[in-house]
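K.L.:
So the chains spell out like this:
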Amino acid sequence: MTLTLQLFLIVSTALFCIGLLAALSRRHAIFILIGIEMMLAAANLNFIAFWRFSLDPHQPTGVMIAIFSIAIAAAEAAVGLALVISVYRHYRTTNVDELDQLKG
Amino acid sequence: MNRWIFDSLWLISAVPLAISLVILSLGKSRRKSAAALAIIGQVVALVFAIFAFLPTLQMPSFRAVQNFTWFTFGDQALRIGWVLDPLAAVMLVMIALVGLCIFIFSVGYMAEDKNFIRFFAYLSFFSGAMLGVVIANSLLLLFVFWELVGLASYLLIGFWIERPSAAAAAKKAFITTRIGDMGFFLGMLWLYHSSGTLLFYDEGHGCLESAGLAMLGASATFVALLIFCGAVGKSGQFPLHVWLPDAMEGPTPVSALIHAATMVAAGVFLVARVYPLFSFGAIDGVTPSLTVVVWIGVTTALMAALIAIAQADIKRILAYSTVSQLGLMMVSLGVGGVAAGIMHLLAHGFFKALLFLGAGSVIHGCHGEHDIRNMGGLRRLMPVTFLTYAVGMMALSGVPLFFSGGWTKEEILHATAHWPKSHVPYYLVLGGVVLTALYMTRQIIYVFLGNRRAGSSHAHESPRVMTMPLIALALCAIFFSAVLTPAWPWLHAYLRGERVHFEIAQLIQPMFFVSLGLVGAGVGLGVWLYRKAGLQDRDRAPEMDPLEYAQPALFRFLENRMWLDEFYDRTVIAFATICARVSDWMDRHVWDGLVRGLGGFGELFGIFTSNVDERGINAGVDETTAGTRGLGRLMSAAHSGQIQTYLGVVAIGLLVLLLFYAWLA
Chain A
6 MTLTLQLFLI
16 VSTALFCIGL
26 LAALSRRHAI
36 FILIGIEMML
46 AAANLNFIAF
56 WRFSLDPHQP
66 TGVMIAIFSI
76 AIAAAEAAVG
86 LALVISVYRH
96 YRTTNVDELD
106 QLKG
Chain B
6 MNRWIFDSLW
16 LISAVPLAIS
26 LVILSLGKSR
36 RKSAAALAII
46 GQVVALVFAI
56 FAFLPTLQMP
66 SFRAVQNFTW
76 FTFGDQALRI
86 GWVLDPLAAV
96 MLVMIALVGL
106 CIFIFSVGYM
116 AEDKNFIRFF
126 AYLSFFSGAM
136 LGVVIANSLL
146 LLFVFWELVG
156 LASYLLIGFW
166 IERPSAAAAA
176 KKAFITTRIG
186 DMGFFLGMLW
196 LYHSSGTLLF
206 YDEGHGCLES
216 AGLAMLGASA
226 TFVALLIFCG
236 AVGKSGQFPL
246 HVWLPDAMEG
256 PTPVSALIHA
266 ATMVAAGVFL
276 VARVYPLFSF
286 GAIDGVTPSL
296 TVVVWIGVTT
306 ALMAALIAIA
316 QADIKRILAY
326 STVSQLGLMM
336 VSLGVGGVAA
346 GIMHLLAHGF
356 FKALLFLGAG
366 SVIHGCHGEH
376 DIRNMGGLRR
386 LMPVTFLTYA
396 VGMMALSGVP
406 LFFSGGWTKE
416 EILHATAHWP
426 KSHVPYYLVL
436 GGVVLTALYM
446 TRQIIYVFLG
456 NRRAGSSHAH
466 ESPRVMTMPL
476 IALALCAIFF
486 SAVLTPAWPW
496 LHAYLRGERV
506 HFEIAQLIQP
516 MFFVSLGLVG
526 AGVGLGVWLY
536 RKAGLQDRDR
546 APEMDPLEYA
556 QPALFRFLEN
566 RMWLDEFYDR
576 TVIAFATICA
586 RVSDWMDRHV
596 WDGLVRGLGG
606 FGELFGIFTS
616 NVDERGINAG
626 VDETTAGTRG
636 LGRLMSAAHS
646 GQIQTYLGVV
656 AIGLLVLLLF
666 YAWLA
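Chain order of the listed sequences is A and B. Quick note, the working numbering runs 5 ahead of the 1-based positions in the first sequence. Quick note, the working numbering runs 5 ahead of the 1-based positions in the second sequence.
The hints are simulated quantities; they were obtained by calculation from the structure and are not laboratory data. Some hints could be false.
Just a few of them, taken from the derived set where beta-carbon distance is under 8 angstroms, the chain B residues facing chain A [claimed, not checked]:
(1) Ala498
(2) Gly502
(3) Ala642
(4) Ser645
(5) Gln649
(6) Val654
(7) Gly658
Chain A regions said to be covered by chain B (calculated; three or more residues, Cβ under 8 angstroms) [unchecked claim]:
(8) 7 to 16
(9) 51 to 57
Keep in mind that this is a model prediction, so the values were computed, not measured. Quick reminder that beta carbons are idealized off the backbone N, C-alpha and C, glycines included.
Same shape as in the complex, but just chain A (with noise of 0.2 angstroms):
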């Protein structure tokens, strides 16, 4: 099979949906955010898919962007983790639909 751009972009689209998926429907904290990093995951290959099949692959710009991304993703996911633990404390529950304060 020949490697071409849509391929690669199917591949994010699914990883994507797939990380979309985990954060909505899963009951635990922790796999919210594993979702979260899956579609953060989905972006940075649709970045270095858009380069590799780009005019000038030399410049190592989508290899920068990918860098950037993930270690943003990382300082997020340490909030994101500091967060959880820190509503853990609270609640006693990892439980989001438990987590319905703001009902209206």
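Could you slot chain B onto chain A? The hints should help.
P.N.:
The following block gives chain B in isolation, referenced to the frame of chain A:
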């Protein structure tokens, strides 16, 4: 000096008026200051009056006029001013002098009254207003002071406010004179309309000068008669005389000042002042308006003299006597004897004030007794009062030679005898002379001569502050005759603006003996009729008056003042009461009903608006808020508080957006 007094003539009237205000502002306990201020004000007025009088002696037919513009409306100006001529000058001196004597008398008479200060304030106010009447050069200004004088009279007649009879008398006086003043006002309007000016003398343009009179033409008669209505009211002529006897409810100094010497003289003064209106177009000295004046005057003179014979109250006799004498003055003015009438006015001012003050002294001495049938024998108990009263009585009766009243009455008889229109007034006036002597003699016998009766048992002479003015006025009454005798008719010539000559032969005139005889007849008749009545014992019930014994029906008729008051009560006053009742009914039911109806409209509107507010607007607002709340509740139901729900919504929204963009492309 002369010019100063002509320019400042208004001070003569203004000073007492101002003093009256000052006295009113004094406290309760400053009686001496009040009396002193009033007397000082009167002295100042007298001094100024004399200052004003002296220049008028310099030349015959003197007249000094000072006019100024009061206010302008559009292109017309209302001008007023004051005038100084012989008529005004002698009136000023008489009013100020008599007023001064009465003020001094009042210090003694009102000494125990607790409203002493108010009395002197009112007296001063009256004095200022009366002085203003005589110097006014404009009919309007005269009317203003005329009404002020009427107000002062009302305040003073009803001075003892706790007495209902005094209040009723004051009201009667004011309303009766007001009826006359309506005619006066109408005449004034007509005059202004016809001649365009109300000034008397205005360098040829005044309404009493030839140019102004020419503009009036035939309407001068009607204007004169309308103005005469005011004089009829103020001077107590028939038919508006009914207030004068009732005015005796006021304190005696008030009766002396207002209802004898000055205010009632204002009517006679008015006729004399606007005499050119009356005599315009006179044929032989007779005009229709003057004829009316004569007949009303003679009716009044005779009627009042008849009533006076049957009265028992000492002041009422004098009141009717005043009415009678005023009638006599009107007769004199009507037949053309203007100077004679004014001379009698001046003399009357002096001796009638004297008589009233004497009566006041008697009342004071007899501790409030008014009925002459209860007095008697006061000759020995109150000698000064008796002597001065006798002087006054002789002056009033017209005893000639030494008493001023005699000479002036002479002049009046002389003028009346030569009236071309009719001789009836002359004979009636002669009858009046006899009656005057008769009732005065009756009064003197009852009060001073004979035995002492109930009221005079503890009588005492009045204090000096009261007898001094009596003596002063008596001397005036006597010495005034010096300028009145036909031998040296100074006053007559002065008033007419002529030169005067002294001729002793003129002293004896045929009329002189006629009037002497009449006066003697009257006095003799009085003595013959009443001598026995005067000698009546104190222990017996009062005997019938000899006239009552002789003619009971006639006497009762006269004693009840010819039933005129009762007649007015049944007719005029009943009519006025009916009008008042109708007006009251209209006010209560018709106008009030209208107002309440309009109010009902307002109420209806209010109900309507309130309902709209309650049911319409409030309900609408409530519904809206309920709806908003419902919507809010709906919206808030969507907020589950769960993150994943929100995330899901975001995802779906993103999907929709993507599909939308894809479809667009």
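K.L.:
Now, for every hint given, state plainly whether the structure supports it.
P.N.:
Here's how the hints hold up against the structure:
1. For Ala498 of chain B, the interface hint is violated, since its Cβ never comes within 8 angstroms of a Cβ in chain A; the closest pair sits about 121 angstroms apart.
2. A hinted interface residue such as Gly502 of chain B counts as satisfied when its beta carbon comes closer than 8 angstroms to some beta carbon of chain A; here the least separation is about 115 angstroms, so the hint is violated.
3. Taking 8 angstroms as the C-beta cut-off, the interface hint given for Ala642 of chain B holds, the closest approach to chain A being about 7 angstroms.
4. Against a cut-off of 8 angstroms between C-beta atoms, the interface hint on Ser645 of chain B holds, since the closest Cβ of chain A lies about 6 angstroms away.
5. Hint on Gln649 of chain B holds. Least Cβ distance to chain A is approximately 6 angstroms, under the 8 angstroms limit.
6. Because the beta carbon of Val654 of chain B sits about 10 angstroms from the nearest beta carbon in chain A, more than 8 angstroms, this interface hint is broken.
7. A cut of 8 angstroms between beta carbons decides the hint on Gly658 of chain B: the least distance to chain A is about 13 angstroms, and the hint is violated.
8. For the segment 7 to 16 of chain A, the assignment as covered by chain B is violated, since 0 residues bring a beta-carbon within under 8 angstroms of that chain's beta-carbons and 3 are needed.
9. Chain B is given as covering the segment 51 to 57 of chain A, and this is violated because 0 residues of the stretch bring a CB closer than 8 angstroms to a CB of that chain, at least three being needed.
In summary, the numbered hints that this structure violates are 1, 2, 6, 7, 8 and 9.
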